[in-house]
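Engineer: In order, the protein sequence lines correspond to chains A and B. Take the first sequence: its position 165, counted from the start at 1, is 165 in UniProt numbering, and no numbers get skipped. Take the second sequence: its position 111, counted from the start at 1, is 111 in UniProt numbering, and no numbers get skipped.
Just so you know, the hints here were simulated from the structure itself, not pulled from any lab data. Mixed in with the good hints there might be a few duds.
Unchecked claim - When the alpha-carbon atoms are kept at most 25 Å apart in a straight line, the in silico DMTMM-like pairs for lysine to aspartate or glutamate are as follows:
#1 A:Lys205 with A:Asp174
#2 A:Lys126 with B:Asp31
#3 B:Lys126 with A:Asp174
#4 B:Lys205 with B:Glu62
Said to hold, decoys possible - Over the 10 Å line for every Cβ pair with chain A, so calculated as not near, a few chain B residues:
#5 Arg25
#6 Ala36
#7 Arg115
#8 Ala188
#9 Ala197
#10 Asp203
#11 Gln241
#12 Glu256
#13 Arg278
What the hints assert, rightly or not - To give a feel for the contact side, a few chain B residues facing chain A, derived at Cβ under 7 Å:
#14 Leu28
#15 Gly50
#16 Val54
#17 Leu59
Just so you know, even glycine gets a beta-carbon here, dropped at the ideal spot from N, CA and C.
2 protein chains.
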Amino acid sequence: MSDDTHPGTEEPNGFSRALLPAGLRDLLAPDAEIEAQGVETLMGVFSSHGYERVKPPLLEFEDSLLSGSGAAVAEQTFRLMDPDTHRMMGLRPDMTPQVARIAATRLVNAPRPLRLSYAGACVQVKGGSLSSDRQVSQAGIELLGEDSPEADAEIVAVGAEALSVLGLERISFDLTMPPLAPALIAEAGVAEAHRGALMRALDRKDAADVSRLGGRMAPILSELLLSAGPAARALEVLRAQPLPPGARALSDRLAETVSAIERAAPGLRLTIDPIEFRGWRYHTGVCVTVYAAGRHEELGRGGRYLGGNNEPACGLTLRTEALLRAAPPRPSRPRLLVTREADPALLARLRAEGFATVATAGAAGEAEARRLHCTHLLRGDAPVAL
Amino acid sequence: MSDDTHPGTEEPNGFSRALLPAGLRDLLAPDAEIEAQGVETLMGVFSSHGYERVKPPLLEFEDSLLSGSGAAVAEQTFRLMDPDTHRMMGLRPDMTPQVARIAATRLVNAPRPLRLSYAGACVQVKGGSLSSDRQVSQAGIELLGEDSPEADAEIVAVGAEALSVLGLERISFDLTMPPLAPALIAEAGVAEAHRGALMRALDRKDAADVSRLGGRMAPILSELLLSAGPAARALEVLRAQPLPPGARALSDRLAETVSAIERAAPGLRLTIDPIEFRGWRYHTGVCVTVYAAGRHEELGRGGRYLGGNNEPACGLTLRTEALLRAAPPRPSRPRLLVTREADPALLARLRAEGFATVATAGAAGEAEARRLHCTHLLRGDAPVAL
Numbered sequence: 001m002s003d004d005t006h007p008g009t010e011e012p013n014g015f016s017r018a019l020l021p022a023g024l025r026d027l028l029a030p031d032a033e034i035e036a037q038g039v040e041t042l043m044g045v046f047s048s049h050g051y052e053r054v055k056p057p058l059l060e061f062e063d064s065l066l067s068g069s070g071a072a073v074a075e076q077t078f079r080l081m082d083p084d085t086h087r088m089m090g091l092r093p094d095m096t097p098q099v100a101r102i103a104a105t106r107l108v109n110a111p112r113p114l115r116l117s118y119a120g121a122c123v124q125v126k127g128g129s130l131s132s133d134r135q136v137s138q139a140g141i142e143l144l145g146e147d148s149p150e151a152d153a154e155i156v157a158v159g160a161e162a163l164s165v166l167g168l169e170r171i172s173f174d175l176t177m178p179p180l181a182p183a184l185i186a187e188a189g190v191a192e193a194h195r196g197a198l199m200r201a202l203d204r205k206d207a208a209d210v211s212r213l214g215g216r217m218a219p220i221l222s223e224l225l226l227s228a229g230p231a232a233r234a235l236e237v238l239r240a241q242p243l244p245p246g247a248r249a250l251s252d253r254l255a256e257t258v259s260a261i262e263r264a265a266p267g268l269r270l271t272i273d274p275i276e277f278r279g280w281r282y283h284t285g286v287c288v289t290v291y292a293a294g295r296h297e298e299l300g301r302g303g304r305y306l307g308g309n310n311e312p313a314c315g316l317t318l319r320t321e322a323l324l325r326a327a328p329p330r331p332s333r334p335r336l337l338v339t340r341e342a343d344p345a346l347l348a349r350l351r352a353e354g355f356a357t358v359a360t361a362g363a364a365g366e367a368e369a370r371r372l373h374c375t376h377l378l379r380g381d382a383p384v385a386l
Numbered sequence: 001m002s003d004d005t006h007p008g009t010e011e012p013n014g015f016s017r018a019l020l021p022a023g024l025r026d027l028l029a030p031d032a033e034i035e036a037q038g039v040e041t042l043m044g045v046f047s048s049h050g051y052e053r054v055k056p057p058l059l060e061f062e063d064s065l066l067s068g069s070g071a072a073v074a075e076q077t078f079r080l081m082d083p084d085t086h087r088m089m090g091l092r093p094d095m096t097p098q099v100a101r102i103a104a105t106r107l108v109n110a111p112r113p114l115r116l117s118y119a120g121a122c123v124q125v126k127g128g129s130l131s132s133d134r135q136v137s138q139a140g141i142e143l144l145g146e147d148s149p150e151a152d153a154e155i156v157a158v159g160a161e162a163l164s165v166l167g168l169e170r171i172s173f174d175l176t177m178p179p180l181a182p183a184l185i186a187e188a189g190v191a192e193a194h195r196g197a198l199m200r201a202l203d204r205k206d207a208a209d210v211s212r213l214g215g216r217m218a219p220i221l222s223e224l225l226l227s228a229g230p231a232a233r234a235l236e237v238l239r240a241q242p243l244p245p246g247a248r249a250l251s252d253r254l255a256e257t258v259s260a261i262e263r264a265a266p267g268l269r270l271t272i273d274p275i276e277f278r279g280w281r282y283h284t285g286v287c288v289t290v291y292a293a294g295r296h297e298e299l300g301r302g303g304r305y306l307g308g309n310n311e312p313a314c315g316l317t318l319r320t321e322a323l324l325r326a327a328p329p330r331p332s333r334p335r336l337l338v339t340r341e342a343d344p345a346l347l348a349r350l351r352a353e354g355f356a357t358v359a360t361a362g363a364a365g366e367a368e369a370r371r372l373h374c375t376h377l378l379r380g381d382a383p384v385a386l
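The whole structure should be built from the sequences, with the hints applied where relevant.
Structural biologist: Encoded structure:
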């Protein structure tokens with residue numbers, strides 16, 4: 001132990017005990033409580049729509065953790081050896097593949113559609129492009145065994161309701177259809193060698209290069225590139241394009257999904273970026289990213305994919321710490337200073353009324369109350385605000 | 001993908017995707033939800049006594065995770081290399097050392113006593129002697145900066161109240177004073193070489209060997225060995241023994257703590273095992289183990305220790321999955337089958353009344369309701385029980 005100017009924070013070798021690895025953080029009061037209450041609020045909404053909570057473990061054998069949809073996050077996974085079996089385990093970077101595993105194994109005989117919810121912490125080797133956080137807390141839902149616009153819409157509508165209950169009202173759901181751009185490129189008559197360059201041009205939204213490299217699809221791709229924005233306008237542009245049959249089917253499905261969302265969650269702010277495909281590695285249909293209006297931070301994402309046994313599935317995963325930063329602040333419990341000699345029945349009643357009773361061994365006066373960050377003192381049987 | 005008799009559970013190489021490493025489990029419905037609600041119930045009680053929630057990360061540099069009280073669990077810690085710094089990180093096996101770190105660093109200037117609460121998952125290399133679980137969910141409290149019988153008693157009383165709110169009424173708190181046996185052995189006049197054998201004899205409660213190896217303290221150690229049981233009787237035996245001064249001070253402190261617990265939580269079932277010291281590696285005063293009456297499973301444990309900068313501290317950590325197994329079952333939300341065309345306002349009202357609305361794309365008849373494990377059907381605007 002050292003006695004230098006920052007007691008407790010410095011070891012003799014100069015190593016700071018307060019230092020955490022990059023992207024890992026302590027949440028303190030009141031943030032840790034606000035986040036936990038927010039998660040339970042979300043889970044309560046999910047439960048009210050029939051989503052049943054599952055809790056997979058933090059670690060699994062990597063063969064199961066990284067199979068199927070999990071393969072997309074293999075390079076983001078910390079690995080550990082199981083001393084019992086000498087097989088490699090992974091620390092989960094994402095819960096969706098775990099939930100898909102549960103659906104395909106222990107719940108393979110459960111009736112479909114199967115609705116599952118989950119909440120927990122995930123750890124990634126490196127922070128994402130949007131955030132340096134390496135530990136990410138997720139809360140989400142997965143709907144397995146139904147491939148329909150209504151199922152895609154349910155995920156969005158339930159997510160929107162959960163965010164609204166949290167107090168996040170100005171939310172934007174940004175829809176994409178990741179297979180659409182590849183379907184167009186396949187019909188563009190572009191040499192295999194040039195497809196990569198076209199994909200990259202689409203990826204960075206470079207209109208000049210898309211026009212130059214897009215082959216037969218250059219006019220359509222250029223129109224779609226410009227159509228990103230409010231859903232109604234983007235769908236109008238899509239309808240007006242002479243799309244090849246595969247792309248037309250995808251476009252129709254996107255339009256049906258928007259209609260279903262509008263029925264299930266009227267007034268929701270929807271945008272569409274029709275040619276966006278980046279980062280949706282295991283997704284096979286409509287995908288969605290959730291933003292708080294006016295903030296750049298992503299609150300969550302989801303979409304359609306294939307679960308175990310190629311079962312159709314869709315889901316939405318919210319990042320709970322990001323929600324916390326975007327949600328309006330909540331009042332915390334008022335703190336009432338009490339002595340340990342106070343009547344236990346009185347204190348129990350005051351706690352039931354919402355006070356935190358903070359016991360002191362000292363004199364329960366105003367100075368002690370302020371020192372312990374209390375908001376109230378007990379005068380007789382009554383709490384008095386400071 | 002295979003098409004054998006257990007679709008989804010077997011890969012072509014015969015590896016079962018359902019297999020998890022020993023000691024790691026999926027919690028399914030309703031257990032995962034019951035556990036999560038139980039944790040929030042516990043945390044609500046902790047909060048009502050002024051304990052403020054913190055959330056340390058799953059991983060830390062091992063220098064910080066395993067310093068101080070964390071050293072006791074070093075061999076139970078999975079280690080990982082941080083690719084950024086090439087320093088070793090540990091996956092937390094226990095949250096108490098993390099909370100002590102927060103108290104000694106970021107909260108070093110917060111007023112004392114400092115009351116902190118926490119809940120989260122921990123991972124241990126091997127399951128403990130009491131359970132094969134390697135992932136353990138904890139929920140606990142730590143009270144830092146006060147060394148008094150009242151502080152020890154507060155931890156026990158708050159824990160007992162939390163368990164009672166969970167519906168666990170028949171709880172036993174088993175108290176120990178781990179420094180007492182070493183204090184007696186130090187005065188026994190036993191050769192250094194024989195102390196280990198005496199410790200082991202005490203550890204396995206071998207009265208004959210304790211009597212044979214106990215030196216000057218043999219009569220006292222033998223009496224104390226037999227006194228384990230209800231607190232009042234054990235304290236009577238302790239009072240009657242001619243203890244050396246160090247041991248007497250420890251015995252007096254134990255008696256004062258029992259008195260303080262009886263004031264703070266009247267009627268609590270307390271036992272004392274005065275010479276128990278096993279497994280309390282970083283504890284320096286009164287310790288407690290919590291059992292549900294009639295069950296052998298440990299629900300939690302805690303006690304007094306030294307935090308960072310040798311700050312006096314005490315805490316209690318509950319094992320939330322063990323609580324779930326011991327708690328009375330709770331009614332789950334009734335499930336109401338609905339169609340996606342049903343009136344959204346009606347469904348919102350029914351959810352607010354406590355129903356889970358389970359949407360189906362099919363006909364919302366009784367057969368479909370039973371297939372989806374629903375308990376209710378909608379007839380007109382009214383839910384009807386099946």
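Engineer: All hints are to be evaluated individually against the structure, with a verdict given for each.
Structural biologist: We went through each hint and held it up to the structure:
At most 25 Å may separate the alpha-carbon atoms for a hinted pair to count; lysine 205 of chain A and aspartate 174 of chain A meet this at roughly 16 Å. Only pairs whose Cα atoms come within 25 Å are accepted, and lysine 126 of chain A paired with aspartate 31 of chain B is rejected, the gap being roughly 33 Å. Restraint check: the Cα-Cα separation between lysine 126 of chain B and aspartate 174 of chain A comes to about 45 Å, which exceeds 25 Å; the hinted pair is violated. Distance hint between lysine 205 of chain B and glutamate 62 of chain B is unfulfilled; the C-alpha atoms sit about 36 Å from each other, more than 25 Å.
The Cβ of arginine 25 of chain B sits about 6 Å from the closest Cβ of chain A, inside the 10 Å cut-off, so the non-interface label is violated. Alanine 36 of chain B, annotated as away from the interface, has a beta carbon of chain A within 10 Å; the closest lies near 7 Å. Interface exclusion of arginine 115 of chain B from chain A breaks down, the closest Cβ pair being 7 Å apart, not more than 10 Å. Listed as outside the interface, alanine 188 of chain B is consistent with that label: its C-beta sits roughly 32 Å from the nearest C-beta of chain A, beyond the 10 Å cut-off.
Residue-level check passed: alanine 197 of chain B sits 31 Å from the nearest beta carbon of chain A, beyond 10 Å. The beta carbon of aspartate 203 of chain B sits about 26 Å from the closest Cβ of chain A, which is more than 10 Å, so the claim that it is off the interface holds. The Cβ of glutamine 241 of chain B sits about 30 Å from the closest Cβ of chain A, beyond the 10 Å cut-off, so the non-interface label holds. At roughly 13 Å from the closest C-beta of chain A, the C-beta of glutamate 256 of chain B stays outside 10 Å, upholding its exclusion from the interface.
Taking the minimum C-beta to C-beta distance to chain A, about 24 Å, the non-interface status of arginine 278 of chain B holds against the 10 Å cut. For the restraint placing leucine 28 of chain B at the interface with chain A, the shortest Cβ-Cβ distance is roughly 5 Å, inside the 7 Å limit, so the hint holds. About 4 Å separates the beta-carbon of glycine 50 of chain B from the nearest beta-carbon of chain A, less than 7 Å, and the hint is met. Evaluation of the valine 54 of chain B hint against chain A yields a held restraint, the C-beta minimum of about 5 Å falling below 7 Å.
For leucine 59 of chain B, the shortest C-beta to C-beta distance to chain A is roughly 6 Å, which falls under 7 Å, so the interface hint holds.
Taken one by one, the earlier hints fail for this structure at numbers 2, 3, 4, 5, 6, 7, listed in ascending order.
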